[in-house]
Amino acid sequence: DGGITQSPKYLFRKEGQNVTLSCEQNLNHDAMYWYRQDPGQGLRLIYYSQIVNDFQKGDIAEGYSVSREKKESFPLTVTSAQKNPTAFYLCASSIPGFFKSGANVLTFGAGSRLTVL
Amino acid sequence: KQEVTQIPAALSVPEGENLVLNCSFTDSAIYNLQWFRQDPGKGLTSLLLIQSSQREQTSGRLNASLDKSSGRSTLYIAASQPGDSATYLCAVHSGNTPLVFGKGTRLSVIA
Chain A
1 DGGITQSPKY LFRKEGQNVT LSCEQNLNHD AMYWYRQDPG QGLRLIYYSQ
51 IVNDFQKGDI AEGYSVSREK KESFPLTVTS AQKNPTAFYL CASSIPGFFK
101 SGANVLTFGA GSRLTVL
Chain C
1001 KQEVTQIPAA LSVPEGENLV LNCSFTDSAI YNLQWFRQDP GKGLTSLLLI
1051 QSSQREQTSG RLNASLDKSS GRSTLYIAAS QPGDSATYLC AVHSGNTPLV
1101 FGKGTRLSVI A
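From first to last, the protein sequence lines stand for chains A and C.
Counting from 1, position 89 in the first sequence corresponds to residue 89 in our numbering; the numbering is continuous, with no gaps.
Counting from 1, position 9 in the second sequence corresponds to residue 1009 in our numbering; the numbering is continuous, with no gaps.
Errors might be hidden in some of the hints.
[Claimed, not checked] Computed cross-link-like contacts, DSS-like style, restricted to lysine-lysine with a CA-CA straight-line distance of at most 25 Å:
| id | chain 1 | residue 1 | chain 2 | residue 2 |
| --- | --- | --- | --- | --- |
| 1 | C | Lys1068 | C | Lys1001 |
| 2 | A | Lys9 | C | Lys1042 |
| 3 | C | Lys1103 | A | Lys9 |
Because the hints were derived from the structure by calculation, they are not lab data.
Quick caveat: nothing in here was measured; it's all calculated off a predicted structure.
Required output: the full structure, derived from the provided sequences and hints.
Shown next as structure tokens:
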């Protein structure tokens, strides 16, 4: 079955450490996204990528980095520069574009919960 | 900058009741609006997508309407069931940026 796989589901980080969250999709979608969700809050966009080898900063990119070397993969690194990284991280993918059938209907992974010790 | 607001933040209803969730957005120049469901600790599931040219979409007991000129959408849930208990999020696609999400409405349906 096609879908998005995020790993790990739970991750603990010590202060000063970088950690990488994995996101893999087999939906053949060109666009991929990373969102952060805090308790009682909506989703805030960290980074997105419309095509391989290209990505754009979202609203809260500071302290995060991404790469898009393959269509299927969009890993997110939470660096030590991110001062409050404890959150639920969601990866999504979609067909990009406007007014195309299925365009921008996001499919989400199950999420990764990061806790800083 | 697009902003999305959802009211109420939380709602508790008895089983069988019909209910309406509200979503408003500040920039009416949208491409589409989507409603999602999120169960605790899980990812989001897309429920309904309304293109800017459409007025409503229906799926089973769910009906979503869109009034683009007033910047509003509603999600109507008929004959609510305990299994409908979840957080419902509204998201808007406008400009050249990805979806902008509201904070969601947490729904509890009491048996």
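Results for each hint:
For the hint pairing Lys1068/C with Lys1001/C, the CA-to-CA distance comes to about 16 Å; that is within 25 Å, so the pair holds. About 10 Å separates the Cα atoms of Lys9/A and Lys1042/C, which keeps this hinted pair within 25 Å; it holds. For the hint pairing Lys1103/C with Lys9/A, the CA-to-CA distance comes to about 23 Å; that is within 25 Å, so the pair holds.
When the structure is compared with the earlier hints, no violation turns up for any of them.
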